[in-house]
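*Asks:* Here the protein sequences line up with chains G and W, keeping their order. According to my numbering, the first sequence is numbered sequentially starting from 1. According to my numbering, the second sequence is numbered sequentially starting from 1.
Among the hints, a few may not be true.
Any copy, or any two copies together, can satisfy a pair, since identical chains are not distinguished.
As the list claims (entries may be wrong) - Pairs of lysine to any residue residues, derived as SDA-like cross-links and limited to a Cα-Cα distance of at most 20 Å, are as follows:
#  : residue 1 : residue 2
1  : LYS472    : GLY106
2  : LYS266    : SER249
3  : LYS69     : ASP229
4  : LYS417    : GLU483
5  : LYS69     : HIS401
6  : LYS494    : LEU255
7  : LYS440    : GLU496
8  : LYS410    : LEU167
9  : LYS417    : GLU496
10 : LYS340    : LEU58
11 : LYS484    : LYS494
12 : LYS69     : SER140
13 : LYS139    : GLU66
Note that these hints are calculated values from the structure, not bench results.
There are 2 protein chains.
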Amino acid sequence: MYACLCLLLLFFTTFAEATTYPPGGFHHLSSSLRQNKKKTSKSKSQLPFETHYFPQNLDHFSFRPESYKVFHQKYLINRRFWRKGGPIFVYTGNEGDIDWFASNTGFMSDIAPKFRALLVFIEHRFYGESTPFGKKSHKSAETLGYLNSQQALADYAILIRSLKQNLSSEASPVVVFGGSYGGMLAAWFRLKYPHIAIGALASSAPILHFDNIVPLTSFYDAISQDFKDASVNCFKVIKRSWEELDAVSDMKHGLPELSKKFRTCKGLHSQYSARDWLMGAFVYTAMVNYATAANFMAPLPGYPVEQMCKIIDRFPRGSSNLDRAFAAASLYYNYSGSEKCFELEQQTDDHGLDGWGWQACTEMVMPMSCSNQSMFPPYENDYEAFEEQCMSRYGVKPRPHWITTEFGGKRIETVLKRFGSNIIFSNGMQDPWSRGGVLKNISSSIIALVTKKGAHHADLRAATKGDPEWLKEQRRQEVEIIEKWISEYYRDLKEEE
Amino acid sequence: MYACLCLLLLFFTTFAEATTYPPGGFHHLSSSLRQNKKKTSKSKSQLPFETHYFPQNLDHFSFRPESYKVFHQKYLINRRFWRKGGPIFVYTGNEGDIDWFASNTGFMSDIAPKFRALLVFIEHRFYGESTPFGKKSHKSAETLGYLNSQQALADYAILIRSLKQNLSSEASPVVVFGGSYGGMLAAWFRLKYPHIAIGALASSAPILHFDNIVPLTSFYDAISQDFKDASVNCFKVIKRSWEELDAVSDMKHGLPELSKKFRTCKGLHSQYSARDWLMGAFVYTAMVNYATAANFMAPLPGYPVEQMCKIIDRFPRGSSNLDRAFAAASLYYNYSGSEKCFELEQQTDDHGLDGWGWQACTEMVMPMSCSNQSMFPPYENDYEAFEEQCMSRYGVKPRPHWITTEFGGKRIETVLKRFGSNIIFSNGMQDPWSRGGVLKNISSSIIALVTKKGAHHADLRAATKGDPEWLKEQRRQEVEIIEKWISEYYRDLKEEE
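Excised from the complex, chain G in its bound form (with noise of 0.2 Å):
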């Protein structure tokens, strides 16, 4: 799953001064995600889900008159390979519509009529159709004040106790499975919820990615090394196409040209949208640098990074930077060669993804810098003026330490070491947001499963004919382990009796 951490990268700025420019107080997905809308695949999944909606409290953690408003969260059930009393894997979902990630993790459908489970996708309140006020939801801090990662687990929690009693099987263990925010979800739900959840299968989670826990630079140097690993030459020519950038924009009709340079739709506002929006398809690429064709963020062919430094490479010596650079990153907008220009400002959003933005300035703070060593624009992290945008944008100060006093993740080894159990994370090293993830085993059952080429959550995606071996390694890897969870707890249960 994903497209949404990259929501992480907040989109404060696409007209916005240069020295708040930065990833930490970040854009993209205006031009990159949402530039490619009718393209990635919400199609309908293969399975054929039921959809419900359930009545969800506003508020579990106060007890004002307010917190009772009742709405309607969506959730999806396959219950063609379970057989009453088995195990019920349930997806965790993130910032977006449950649709899409449904039909993006076909990992928990592959692997259902061997666990012989009840499939259970729920949606993210605030996000798709779960919105507690309807169009008004993200209207301002006051309704958006009920969304948050606490409260998402707590629906959890709620409608799998819910509905495992409607199906009278409250004995079935329960794995969840998640994917970038949502797999921090699920590792989250396990660590706080060991009572409705037997275990929790964490992909692409970067639960340490706060509070300077790791670098700040990690993200930024980690697609830099894809870059660099593909074609030393596409990292130098990428890192070279931001001075080209400010000089065309510094020109005298710097905005005009560089309009008729990225073909833009619409006259830019802006030499920033145009910065965005290549930053934007180098970044996801790299966190979609699948082994084969998908269609997650947008159509690409396998191994797309390669893909793309090929025809930087390709270019003959002596040409442009930044004509070499757009040409890669029309890879990503425009695999299909169908767009005859492109909107690089224009914000639209078809997977209901509206409200990161919120969390992201009140308890996902994740800042980040750019390095010298990255290919990108060189960037302090600047905290304060990530505090004032979100004051300025949500009127709410952001909350930077929260999340590691809610989950922890400071020390985790120390601290897990002794507690908790049951947990898998999986990483693949291809993807950014991997270095903000666990990559070691922490006790025997508080596991990492970690590839070297691997992308964002590659392993929950369904399995395809041209995988390579060690994706098919991590999957069968990751399946045994939760057989070994879900008999060990029906031995649990037969000892119970």
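Put chain W on the given structure of chain G with help from the hints.
*Replies:* Chain W in isolation, oriented as in the chain G frame:
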């Protein structure tokens, strides 16, 4: 610590209908603890605590503008024994003034020198001085809405983290302690915030007293058993006294007669005040049936249940059962003999306890019944009547399944067998709350320490000369286990380096 869980017994009904009399929709406190307001040991603890106030956000789980309202949470510190970097022992305050709990939790002060530990007692939000809306805090559901256990746990997490930072002792191991509701909080804190506390001593914590996990009759049955164990005759006398009470009340001048019999300062408005007053005495005396003289709920001699039964048994044959019950109850309300008359209907609160009624009506839903086998008037729990009372008092509905959804409890042995660590559940079987506690070891580090004779968190009280061997042994084991946690922690810390 106690008193307060008593509050679990709501005090709705001093003037209420017989049909809503019952435990689980109860009262007492008005007439029992509150009667003793001038006598219980609120006196400053022996230790010189510094008093501090920590700026705390009103709502940690929503980000509305109002959530950021700051209130000042009181906490006490004693540094006398602390060696910087050494352990920090935190009492997770329950439903009352923190000074009161500090002065009744001498165990922590007793063991602090051995551990060279810092002592911290944190007051629970909405109790004592820690009232977010000042005198208006308990006005309505709009303000009380923010009073609940999850917010309290988050308060503790934030305060502890900040305190450690201010003391430049971020590597200090934190152990949390609590009794009664405070013990529930301590256990839940370890489960939800393992990254902040390395272990918890949860004394007399009835975390299973929810959602029908233990029989609804267990609490009153246990009290009855305590009295029966002291004297079968005593048990019978009390059991028969209720009918006599009803008979007197039903007389033509029943209430004045009853007022005379109960030596009330003012004429009674309801016979139920007399019943509640008697029940309160038996309930609280069973809870604080400590081996030595103590002054927690009221000044009392050692083993006060036996003393009460001696009073009853000493009456000449054929004496009125009601007179005997009254004489026994007077031990609780007037051990010093200085009371000229009793205030059965006066509601005063000297321990800052107000607020538990709210918690019991929202999250802390602990329904109770009185079986025919108990010595109390039989009562079948009536959930609908309870819900109605809560609605009419506060305008909100209870959430009876919330605590088990949020914190678990059902099939706790199986859930925690493979999850979590470092919790001691201590209980004394004479304490009626013990029946809702964890009474068997769950794993090698989630341990139950049970004594046959102990009363409500007897282990947390300061050691006294007359302490029996089994109590000393229970405390010795607690110290040994906590030592193990701490030395393991320091070993882990070294390995990290």
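*Asks:* My question is about LYS69 and HIS401: at a cut-off of 20 Å on alpha-carbon distance, are they close within one copy, between copies, both, or neither?
*Replies:* between (29 Å within a copy, 18 Å between copies)
*Asks:* Are the CA atoms of LYS417 and GLU483 at most 20 Å apart within a copy, between copies, both, or neither?
*Replies:* Between copies only: 18 Å across chains, 22 Å inside a chain, cut-off 20 Å.
*Asks:* Quick one: LYS472 to GLY106, C-alpha cut-off 20 Å, is that within a copy, between copies, both, or neither?
*Replies:* within (14 Å within a copy, 59 Å between copies)
*Asks:* With identical chains, the pair LYS494 and LEU255 could be close in the same copy or across copies; at 20 Å between alpha carbons, which is it: within, between, both, or neither?
*Replies:* Answer is neither: 71 Å inside a copy and 58 Å across each miss the 20 Å cutoff.
*Asks:* Between the shortest in-copy and the shortest cross-copy C-alpha distance, which are at most 20 Å for LYS69 and SER140: within, between, both, or neither?
*Replies:* So LYS69 and SER140 pass the 20 Å test inside a copy (17 Å) and across (17 Å) alike.
*Asks:* First find the shortest C-alpha distance between LYS417 and GLU496 inside one copy, then the shortest across copies, and answer within, between, both or neither for a cut-off of 20 Å.
*Replies:* between (27 Å within a copy, 12 Å between copies)
*Asks:* For the identical chains here, do LYS410 and LEU167 meet the 20 Å Cα criterion within one copy, between copies, both, or neither?
*Replies:* between (39 Å within a copy, 18 Å between copies)
*Asks:* One pair to classify: LYS440 and GLU496, alpha carbons no more than 20 Å apart. Within, between, both, or neither?
*Replies:* between (34 Å within a copy, 14 Å between copies)
*Asks:* Is it within a copy, between copies, both, or neither that the alpha carbon of LYS484 lies no farther than 20 Å from that of LYS494?
*Replies:* within (15 Å within a copy, 33 Å between copies)
*Asks:* Regarding LYS69 and ASP229, is the shortest C-alpha distance of 20 Å or less found within a copy, between copies, in both, or in neither?
*Replies:* Answer is neither; intra-copy 52 Å and inter-copy 50 Å both fail.
*Asks:* Regarding LYS139 and GLU66, is the shortest C-alpha distance of 20 Å or less found within a copy, between copies, in both, or in neither?
*Replies:* both (17 Å within a copy, 16 Å between copies)
*Asks:* Using 20 Å as the alpha carbon limit, work out where LYS340 and LEU58 are close: within a copy, between copies, both or neither.
*Replies:* Neither way: LYS340 and LEU58 sit 45 Å apart in one copy and 53 Å across, limit 20 Å.
Going through the hint list in order, the structure does not satisfy hints 3, 6 and 10.
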